[in-house]
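So the protein sequences, as listed, match chains X and Z.
68 is the number that the numbering used here gives to position 68 of the first sequence; each next residue is one higher, with no gaps.
1142 is the number that the numbering used here gives to position 142 of the second sequence; each next residue is one higher, with no gaps.
Read the hints as simulated data drawn from the structure, not as lab findings.
Note that the Cβ used here is the ideal one computed from N, Cα and C, for glycine as well.
Some clues are possibly wrong.
As the list claims (entries may be wrong) - Straight line, CA to CA, 35 angstroms or less: simulated DSBU-like cross-link-like pairs of lysine-lysine: (1) Lys30/X <-> Lys1061/Z; (2) Lys27/X <-> Lys1125/Z; (3) Lys293/X <-> Lys1125/Z; (4) Lys123/X <-> Lys1213/Z.
Stated by the list, open to error - With beta-carbon atoms standing in for the labels, derived distance ranges: (5) Asp286/X <-> Ile1292/Z: 34 to 40 angstroms; (6) Leu1163/Z <-> Glu79/X: 25 to 31 angstroms; (7) Phe1003/Z <-> Asp286/X: 40 to 46 angstroms; (8) Leu11/X <-> Ile1292/Z: 48 to 54 angstroms.
Below are the chains, spelled out letter by letter.
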Amino acid sequence: MGEVSIVIEKLREAKARQRALLWLKFKSNKAAFISLCILTFIFLLAILGPYMVPESPYDFNLSRALEPPSLNSIFGRDELGRNILSRVIVGSRFSIGVALLSVLLGGCIGVLLGLVSGYIGGKVDVVIQRFTDILLAFPTILLAIALISVLGVGIGNLIVSIGVSTVPIYIRLSRSLVFQIRSEDYITAAFALGKSGRYIMFRHVLPNILPAIIVQSTYYMGLSLLLASGLGFLGLGVQPPIPEWGAMIGSGRTYIYSSPHVIIFPGLFILISALCFNLTGDGLRDALDPRIKVMIRRAG
Amino acid sequence: MSFTRYVALRIFQAIPTIIGVVVVMFILVRMLPGDPARLIAGPEASEEDVRRIREILGLNKPLYIQFVEYLLSLLRGDLGLSIKFGTPVVNEIMSRLPYTIILAVTAEAIAVATALPLGIISAMKPQSRIGYLSTIVSLLGSSIPIYWMGLVFIAIFAVELRLLPSSGAESPRHLVLPALTLSLLLMGNLTRITKVSVIEALESNYITTARAKGLSERIVILRHGLRNAMIPIVTIMGIQLGALLGGAILTETVFAWPGVGLLLVDSIFYRDYTLIQGIVVFIASMIVAINIIVDVVYVVIDPRVRGIIWGR
């Protein structure tokens, strides 16, 4: 027994060392490190935003409508005289929040289906793959639009629509990851020990494909953010007067002829956030164990 | 396997997908709140009128019969009547389709004309200025909200510089800004794939052979490297079609470009469900069809794949 605990202790140490190495490698990638810092800042804005804005994002003052950026309101004011800085800060909660929740939703459903499809195989796999083919025939934004036009606009429905339209992407990804590790020795060993299929799937397969899925999810955060704000722009996402970034661009587009500042700042925040998600994803992928990198590349 | 059999097989395999697309849309539209017959008749119509409309549309029949009838009418190329316009949905789509095709093809052309040189040069000289530029282009391609970029283009080129019109489709000049905007969506990915495939092609043995033969670097890259790198590039262009059509929805809305995407957005605001259903089924089927074409073209241009599929 003593020896077993020593081995476990050593494995644990190795794992901690690996984690420290990962962080060290990630930090040495400047672009990725700065991106992660900016993302942390934006997440903080999303959490604390409403408590630190200079004025309420909903208070309008028509006499100051469309005021250009000045010392008093550094991003200027919108068509109703609302402070754009306040709106962008409070808006981060909605834009980032919708992206995060829809990635979680789509990820949970998609990974579960992909896991079952890849591990159990056979008829289950065929059925799930047919279903995936059908969903993949729709461009993601088209599927999201079709869903939201049926469900009706609203934040909850928006999250469901975006989540569901990214499900096929997660199914494809996790299924091909499962295929890559299905015949590894530790899976065969677990099977030989008489562990149930469900046990192996969740205790052995899932933990081993999870790092790759998390890395890819960083990219999908950017994708979902663009999707959610795109729907907001079309008037199908978060509804005014809630200051979601895409919706702000949608309601400000009429005024670009005289006051382009109304749309510039929310757009910059979308661009910077999406860019940082992509760069953080790159950094994570490069810092990870090369084995996982190969897995991601093979999964396409 | 003969060529015709391969094509027939691919078409046959696509049938369940298309039926699935139709089923998904059929179910979605039936889930809608409210009575479509009431919607068509308008709020002031009598119960009698609503009932008559329901009968004309076949909405009083059981759901599975409605589905079979819908499927049969699709086979005849009939997507039903638009609630808002009262005209066949097919006519509405067909009158808008040329605009979307022109926009998509121009955007693809701009993207290819920019991405190929960028990708090739940066594969040859990754540390050069163009190498860095191509990295930036590929990064921005997947991060830019294109509808916002479109509005910024309007603010610069239409409002500030007064060079180009901001909306509509009256002349070729109206095409410039929307096509440029939409091309940004494709450019990033295309640049990255071009760079990666050219690097991979340049590392392979036949390039070493070509160099050993004493061919000039120019010919080695253009004739041997690029030709082999074209295969993944063509494939990605097929895959991007979905993104292209999806992006067209946003781009057409920004520039009031009268294509299928704008029609879709309008039909959502009119709550014209037959039109929504028709457009979505149409676009999805088109993507399935074009994927088949891409697969077939792929087989034709790549002798290695041809060998695998046709035996020898």
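Here is what the structure says about each hint:
With a CA separation close to 64 angstroms, the supplied pair Lys30/X and Lys1061/Z exceeds the 35 angstroms bound. Between Lys27/X and Lys1125/Z the CA atoms are separated by roughly 27 angstroms; this keeps the pair inside 35 angstroms, and the hint holds. Annotation: proposed proximity of Lys293/X to Lys1125/Z holds, straight-line Cα distance about 25 angstroms (limit 35 angstroms). Distance check on the hinted pair: Lys123/X and Lys1213/Z sit about 54 angstroms apart at the alpha-carbon level, beyond 35 angstroms; violated.
At roughly 37 angstroms, the beta-carbon separation of Asp286/X and Ile1292/Z lies within the given 34 to 40 angstroms, and the hint holds. Checked against the given bound of 25 to 31 angstroms, the beta carbons of Leu1163/Z and Glu79/X, roughly 26 angstroms apart, stay inside it. A C-beta distance of roughly 43 angstroms is found between Phe1003/Z and Asp286/X, which places it inside the suggested range of 40 to 46 angstroms. Distance hint check for Leu11/X and Ile1292/Z: the Cβ-Cβ separation is about 50 angstroms, which falls inside the suggested range of 48 to 54 angstroms.
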